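Engineer: Quick note, the sequences are listed as chains A and B, same order. The first sequence runs 1 to 350 under my numbering. The second sequence runs 1 to 350 under my numbering.
Keep in mind the hints are simulated off the structure, nothing from the lab. Only a predicted model underlies this, so the values are computations on that prediction, with no experimental measurement involved. Honestly, I wouldn't trust all of these hints.
[Claimed, not checked] Calculated pairs, EDC-like style, for lysine to aspartate or glutamate (alpha carbon to alpha carbon, straight line, at most 20 Å):
#: 1; chain 1: B; residue 1: Lys185; chain 2: B; residue 2: Glu175
#: 2; chain 1: A; residue 1: Lys142; chain 2: B; residue 2: Asp140
#: 3; chain 1: B; residue 1: Lys142; chain 2: A; residue 2: Glu182
#: 4; chain 1: A; residue 1: Lys142; chain 2: B; residue 2: Glu182
#: 5; chain 1: B; residue 1: Lys39; chain 2: B; residue 2: Glu24
#: 6; chain 1: B; residue 1: Lys179; chain 2: A; residue 2: Glu66
#: 7; chain 1: B; residue 1: Lys185; chain 2: A; residue 2: Asp140
There are 2 protein chains.
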Amino acid sequence: MGGDFAPLEIVKGSVDAARKYHCEIVLVGDEPQIRDVLKSTPDWEKLGITIHHTSEVIEMGEHPAEAVRKKKDASVVVATQLVKDGVCDAVLSAGSTGAAVTAAQFILKRIKGIGRPTIATPMPTPQGVTLLLDSGANVDTKPEHLVQSGIMGSIYAQYVFGIKAPKVGLLNIGEEETKGNEQAKATYELLKTVHTINFCGNAEGRDVPTGAFDVVICDGFVGNIVLKFAEGLAMTILGLLKDAIGHGGLLAKAGALFLMPTLRKLGKRLDVTEYGGAPLLGVNGVCIISHGSSKAKSICSAIGVADDYVEGKVLEHIHDTIVEEEQLAQAEEEAAKAAKKAAEAESAQD
Amino acid sequence: MGGDFAPLEIVKGSVDAARKYHCEIVLVGDEPQIRDVLKSTPDWEKLGITIHHTSEVIEMGEHPAEAVRKKKDASVVVATQLVKDGVCDAVLSAGSTGAAVTAAQFILKRIKGIGRPTIATPMPTPQGVTLLLDSGANVDTKPEHLVQSGIMGSIYAQYVFGIKAPKVGLLNIGEEETKGNEQAKATYELLKTVHTINFCGNAEGRDVPTGAFDVVICDGFVGNIVLKFAEGLAMTILGLLKDAIGHGGLLAKAGALFLMPTLRKLGKRLDVTEYGGAPLLGVNGVCIISHGSSKAKSICSAIGVADDYVEGKVLEHIHDTIVEEEQLAQAEEEAAKAAKKAAEAESAQD
Numbered sequence: 001m002g003g004d005f006a007p008l009e010i011v012k013g014s015v016d017a018a019r020k021y022h023c024e025i026v027l028v029g030d031e032p033q034i035r036d037v038l039k040s041t042p043d044w045e046k047l048g049i050t051i052h053h054t055s056e057v058i059e060m061g062e063h064p065a066e067a068v069r070k071k072k073d074a075s076v077v078v079a080t081q082l083v084k085d086g087v088c089d090a091v092l093s094a095g096s097t098g099a100a101v102t103a104a105q106f107i108l109k110r111i112k113g114i115g116r117p118t119i120a121t122p123m124p125t126p127q128g129v130t131l132l133l134d135s136g137a138n139v140d141t142k143p144e145h146l147v148q149s150g151i152m153g154s155i156y157a158q159y160v161f162g163i164k165a166p167k168v169g170l171l172n173i174g175e176e177e178t179k180g181n182e183q184a185k186a187t188y189e190l191l192k193t194v195h196t197i198n199f200c201g202n203a204e205g206r207d208v209p210t211g212a213f214d215v216v217i218c219d220g221f222v223g224n225i226v227l228k229f230a231e232g233l234a235m236t237i238l239g240l241l242k243d244a245i246g247h248g249g250l251l252a253k254a255g256a257l258f259l260m261p262t263l264r265k266l267g268k269r270l271d272v273t274e275y276g277g278a279p280l281l282g283v284n285g286v287c288i289i290s291h292g293s294s295k296a297k298s299i300c301s302a303i304g305v306a307d308d309y310v311e312g313k314v315l316e317h318i319h320d321t322i323v324e325e326e327q328l329a330q331a332e333e334e335a336a337k338a339a340k341k342a343a344e345a346e347s348a349q350d
Numbered sequence: 001m002g003g004d005f006a007p008l009e010i011v012k013g014s015v016d017a018a019r020k021y022h023c024e025i026v027l028v029g030d031e032p033q034i035r036d037v038l039k040s041t042p043d044w045e046k047l048g049i050t051i052h053h054t055s056e057v058i059e060m061g062e063h064p065a066e067a068v069r070k071k072k073d074a075s076v077v078v079a080t081q082l083v084k085d086g087v088c089d090a091v092l093s094a095g096s097t098g099a100a101v102t103a104a105q106f107i108l109k110r111i112k113g114i115g116r117p118t119i120a121t122p123m124p125t126p127q128g129v130t131l132l133l134d135s136g137a138n139v140d141t142k143p144e145h146l147v148q149s150g151i152m153g154s155i156y157a158q159y160v161f162g163i164k165a166p167k168v169g170l171l172n173i174g175e176e177e178t179k180g181n182e183q184a185k186a187t188y189e190l191l192k193t194v195h196t197i198n199f200c201g202n203a204e205g206r207d208v209p210t211g212a213f214d215v216v217i218c219d220g221f222v223g224n225i226v227l228k229f230a231e232g233l234a235m236t237i238l239g240l241l242k243d244a245i246g247h248g249g250l251l252a253k254a255g256a257l258f259l260m261p262t263l264r265k266l267g268k269r270l271d272v273t274e275y276g277g278a279p280l281l282g283v284n285g286v287c288i289i290s291h292g293s294s295k296a297k298s299i300c301s302a303i304g305v306a307d308d309y310v311e312g313k314v315l316e317h318i319h320d321t322i323v324e325e326e327q328l329a330q331a332e333e334e335a336a337k338a339a340k341k342a343a344e345a346e347s348a349q350d
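My request is simple: use the sequences and hints to build the entire structure.
Structural biologist: In structure tokens form, the structure reads like this:
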């Protein structure tokens, strides 16, 4: 029921996904409205689609924590509970991001050892995609939580995008280790000691669109601003281009017409809706956040993302890696202690 | 001597500016190299151009504070000193931003009452330009210093861009007052009490390119990342477009050719080199930071910016406004105290 075009586009995208990915889909929301949209798909039940009726909706302006607590029968709350209960493998929402994140935190809980869940947004690049995280779940994030974002993002890039040893960068204002604010400098120090990721140093703003890194870590304050800036810039340039062609006379119009197939191909390459959804990493369950403006195509892609997320066993890998990282750090600490003791014993003998 | 194309493009841009703005220009740097470039402009002395020879250059990798302290005869140090001594009205550098900022802070000093100088970068929008500040001079900035950025940016937009009551926004992750990190929330509270600016609330990332505000305030960490992200995105899209047209067959090439005049006009509208320079606001002198990749056109525009900055008496306005703001705050405090006293006296009488 969430998003600018719900339930119409959400239902349409789900039908497409059921056909494309052969996955069972539970549509959680107002049954009469959903049935109305499904009228145009008489075989919906055969496709593996079911409806789970709910009576409430969390609106965009509501306070997420309050709304999730009060509205027990809100679609996002019930859908998340279905994952908790093992009825579903994943939950997807195009509604209030805050509500989806809060529901996931309250109901699914955090993965043991993870301090903060983060939203990982795939940003299109010439080579494919860069995962930017956190893109808005937490602000004033502690360095150790940013490090965990890096570990989770790296696992996601590996098992969902199929990238071996993903290049992980820390979003900062310069390449040098000494650059940045206190948060970035402390995070850099910690990242150097992590065993399970391929940390490649600081990423500057320009490295996000150029795709110099596979995973870029940042605080949710910075990530959200960058993400919305990119959206605004793309919209603005497109608007100006249309405007310029509209006022550009016959020659410009003919040129635009001739160029259209090329531009369309390029647009498809840069189209965020091809990726459709951003995973909320760090909770005990698969949760995908879609953009409020999502249409059927985005929703269908996002369900594909959820499918890859489940099939890739990302949750298990995150859990195992966090445990492994802790064990490695402990082993190192013990080895250092033993070495110190041995050195002391030796100097006592002298 | 600073910048990727110094001294060639810097000198060429200065010659253009001397012709265009009829201002006297002192070229500070290695005299033989500068004279070599000026060979193609036999009338350079008549244009009001002089050379001030210096023997040192601060390289991009050097630590700014150390370099400025050690290299007393570095071009950026000497040029800044010429402003301090009243020989010049403004200093312009396309070299190391850190070195230019440090030289300005050491030599020109901060305007009384200003805690941190900030770099104000004009970002192109469909309507004109949005001033983004701080775009990289300071990180971990205190709320009161962000407020001062807002005041200085507003004055600059008013007297250099000619905007009446510029709309000032605080870069944040949501429109609501309660959104954001601790720094943003504290800054919002302070901005509400400022008398001398037209504070219009939070600006989201998308509001920068769409031009919803005239002045957007942020920490230098966020500003620098946004700025470099925009550069990277513009570069990437342009590269992909060229590539797509190159591989797009005859039709695409013809289309591109037909569209070229329209695209060129649009490009000119969005071209940052039209603005050429970002003022360092908050120091006791006019200091303009140009991009390291600046060519003659950018340098010429930047000299125009310096000219507007001086003619607009921005420094005096900043000084006066800071004093006015302090006086207004003091008066308010005293009025509140007096009201409290009166109320106490009244209740004692009862």
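Engineer: Decide, hint by hint, whether the structure agrees.
Structural biologist: Verification of the hints:
Among the hinted pairs, lysine 185 of chain B with glutamate 175 of chain B is consistent with the structure: their alpha-carbon atoms are about 12 Å apart, no more than 20 Å. Only pairs whose Cα atoms come within 20 Å are accepted, and lysine 142 of chain A paired with aspartate 140 of chain B is accepted, the gap being roughly 14 Å. Restraint check: the Cα-Cα separation between lysine 142 of chain B and glutamate 182 of chain A comes to about 13 Å, which is no more than 20 Å; the hinted pair holds. For the given pair, lysine 142 of chain A sits about 13 Å from glutamate 182 of chain B by alpha-carbon distance, which is consistent with the 20 Å threshold.
With a C-alpha separation of about 18 Å, the suggested pair lysine 39 of chain B and glutamate 24 of chain B falls inside the 20 Å cut-off, and the hint holds. Among the hinted pairs, lysine 179 of chain B with glutamate 66 of chain A is consistent with the structure: their alpha-carbon atoms are about 16 Å apart, no more than 20 Å. The suggested pairing of lysine 185 of chain B with aspartate 140 of chain A holds, with an alpha-carbon distance near 12 Å, which does not exceed 20 Å.
In summary, this structure violates none of the numbered hints.
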